[in-house]
Structure formats: structure tokens, C-alpha cells
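Sequences and hints are given; from them, build the entire structure.
Protein sequences, first through last, are from chains D and B. If you count the first sequence from 1, position 112 lands on 112 in my numbering, and the numbers rise without skipping. If you count the second sequence from 1, position 105 lands on 105 in my numbering, and the numbers rise without skipping.
Derived by calculation from the structure, the hints in this document are not laboratory data. Just so we're clear, the structure is a prediction, and the values are computed from it rather than from any experiment. Mixed in with the good hints there might be a few duds.
30 angstroms max Cα-Cα, derived BS3-like pairs, lysine-lysine [what the hints assert, rightly or not]:
{"no.": "1", "chain 1": "D", "residue 1": "123", "chain 2": "B", "residue 2": "169"}
{"no.": "2", "chain 1": "D", "residue 1": "95", "chain 2": "B", "residue 2": "123"}
{"no.": "3", "chain 1": "B", "residue 1": "95", "chain 2": "D", "residue 2": "123"}
Protein chains: 2
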Amino acid sequence: MIQLSTRDRIIKEADRLFYERGFDNTSFSEIAETVGISRGNFYHHFRTKDEILAAVIGERLAARRHLLEAWEARDTDAVSRIRSFIHILVTNQSKIMRYGCPVGTLCIELGKLDHPLQGEANKVMELFRAWLRRQFEALGCAKDAEDFAMHVLAFSQGVAVLASTGGDKEFIQREVKRMNQWIEEVAAGAIKF
Amino acid sequence: MIQLSTRDRIIKEADRLFYERGFDNTSFSEIAETVGISRGNFYHHFRTKDEILAAVIGERLAARRHLLEAWEARDTDAVSRIRSFIHILVTNQSKIMRYGCPVGTLCIELGKLDHPLQGEANKVMELFRAWLRRQFEALGCAKDAEDFAMHVLAFSQGVAVLASTGGDKEFIQREVKRMNQWIEEVAAGAIKF
DNA sequence: GTCTATAGTATGATAGAC
DNA sequence: GTCTATCATACTATAGAC
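So this is what it looks like as C-alpha cells:
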């Protein structure tokens, strides 16, 4: 177990707080307090709030990239890979039921704030979309791969939103089952549109 | 054209600003400025920020209730009614592509703020869910009506999130078409799960 | 009902000692 | 690298004149 640098500890806690409480609603004081350093020290590592947001988004991008690569290495067929993606909803069930999807909620918030880093946050969604698209292409859905990728993404976002506003575990599991069934039908060539 | 009272004008503008910029990110000054009154006068009508949020949610609840009643009066069959619900995505296309769904984004934001009025905001989602459930029951899906209602809600939320983070008009229309097709299959009894 | 003035607090951010 | 001030600003909210 390697000791994280102060900078990395800040990014880690900011990441968590931005997710759980929202970016705008999280203050420097809160992050500093959680990390266990003073506000002044905080500014030694990050000069502005946008700087730490950029670092958090960068970290999220890298983490997701690694995750997708790991699935690509582990799962040999495209169907299993897409199922791995969908399974995030089950793996992160309890957090999603409380705070929704970290990617979707940040994109939405930055959009409303008209924040300059909105485009950066959207890149995480982009990463998923492009990866899913490649999987559907590998499945032979050349023409519809983009459409199918967007459909899977929209599905996962919708489930996350509803799970965090009154949904229960069973709801998530039912929807995941439904989506897995849809994937099977797509793979079998049963779905044209 | 009846002249709105100052109170109603405040609610109307606050509703719009909460949707477009978010609740927390909208200040009293901004609302007062938009309405064209002073901050002091604002406090004559609403004493706290939570008071105006409660009024906005109450107004939204009433408006949606009327909308659902109007559809129930206009559309005689359940399939048409559910399609009317789905069609909101097309009707409000341009705003959804910018700010997402007013209902979903407020619920998510209040959740992260751990706001006391979170439950009130969720009631709007609840209203949709119960209405959709009744439509599916009328369709003869007694056992699965709740599941199907949640599925339609999740679908609409997912499309709204993705449309506001890189989606285009065509994406919304493709998904609406896909969902309408699914409704037809449910009505025909082709879908069990 | 509408206004001006102002209190009190929290925030993002800086300066400078150790 | 870490800390203790400190600043300027924006915000919610109140008091009181007209």
C-alpha cells in the first residue's frame, strides 16, 4: 500500500465530493477538511476551482479508459464486453441509488452552470459511446452500431436517474436483465432497428 | 391575456431559471432582476429560498397533473396516452437538448444537496409513474404495469440526459420511434417481461 | 407593495511566515 | 509543503422608509 501524495489525496476526495454533493455545492473548505489540510495548503496544489475540476475529470477519464481496456482484455466476445458495461449498474448499485451516475450528473450540472470544462466532462461519455460502438461493430452491426451504442448509454443513464429518485434494487436488476436480453437479440440479428 | 400577479411572475421566472441554471446556482438577485423588481420586494413575497422552491415544485405538480388529465380526456385508448407521454421528448426537444429534463435534473440536484424538499420534487416523478402504471393496467398488463411504467420513465430520463450531452435531434427521434414500437409490442401481448 | 440600506455569513482566492 | 491570517465578493436574509 503506497502512500498517496497530498495532490492525489485531494483529487481523490474532490472526486468523491463532486459526485456525492455536486461540483458547485462542494467548497474548498470541505475538500481541505476531508483531506486534513488547511485551505492555504490547498491553494498550493490547485490555484483555482476549475483546476481541480480539470484534474478530477482527467482522473475519471484515465480510470474509465483502464476499465474498458481491462474488459477488452478479459472478455473475448463483444456481447460479454457490452454486458460488462451494463453490469456497472449492479456493481455500483448502492452509490447509484443515492447519487445517480457520476458521469451523467456532472455533465448535466456543468451544462447548467455553463461551465468551460463542460466539453471535458462530456469526453467521458464520449469514451463510453465510442467503445460501445466498436463492440457493436464487432458484432456485425456496422450500420446501426452508433445508434445501438447511444441506446445502451441512454438506457444506463435512465436507470441511474430513476434509481436515485425512488427506485429500488429490484428495479435496477429488472432493467439490467431486460437490457441483456435486448443485447442477445441484437447479437442474434433479430433486431434491425 | 390576464396580467400575472408579481408572485406568479416570480414563480414563473424562478421555474425557468431553476431549470436552465439549476436551483443552487440561481440567486435571488437573478430572479428579482429577471422579474424586474428589487431584492427587498422579492422578500415580501417569499421569505426564504426554500419557500420559492416549494412554490415552483407545487406549480410544476399542478401543471403536469393538468397535462395528464388533458391527455386522458383527449386520448381514448391507453396506447395513445402513453405515446402522448413519450412525445414530450419531441415537443420539448430543443430545451431538453440544452438542459435535460426539468423533473429529473431537479430531483438529482436536490438529492446531492440533501435538500429537505427532495421528497416534494420526487412527487412529480411519482405522478408520472402512477399515471403510466394506470395506462398499462388499462392495457391488461396488471402484473407488469408497475415494471413497464418504470421502464418508460427510465427511457425518457435516459434520452433526456444523453440528448443534453452530445445527442442530436435524430437521436431523440430514433429513440422515440423505438419506444413507440415497444409499446405496440406490449399492447399486442408480445412482451412478457 | 415597493423600495434602499445593511447585517451576517460563506465563498474563492492571496500574502507571507515557518 | 504547510500553516495562519486576510481580502474582496456574492449570497441569503432583515429592517425600515415611502
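Hint check results:
| no. | hint | verdict |
| --- | --- | --- |
| 1 | D:123 <-> B:169 | holds (20 angstroms) |
| 2 | D:95 <-> B:123 | holds (22 angstroms) |
| 3 | B:95 <-> D:123 | holds (22 angstroms) |
Violation of the numbered hints given earlier is absent; every hint is satisfied by the structure.
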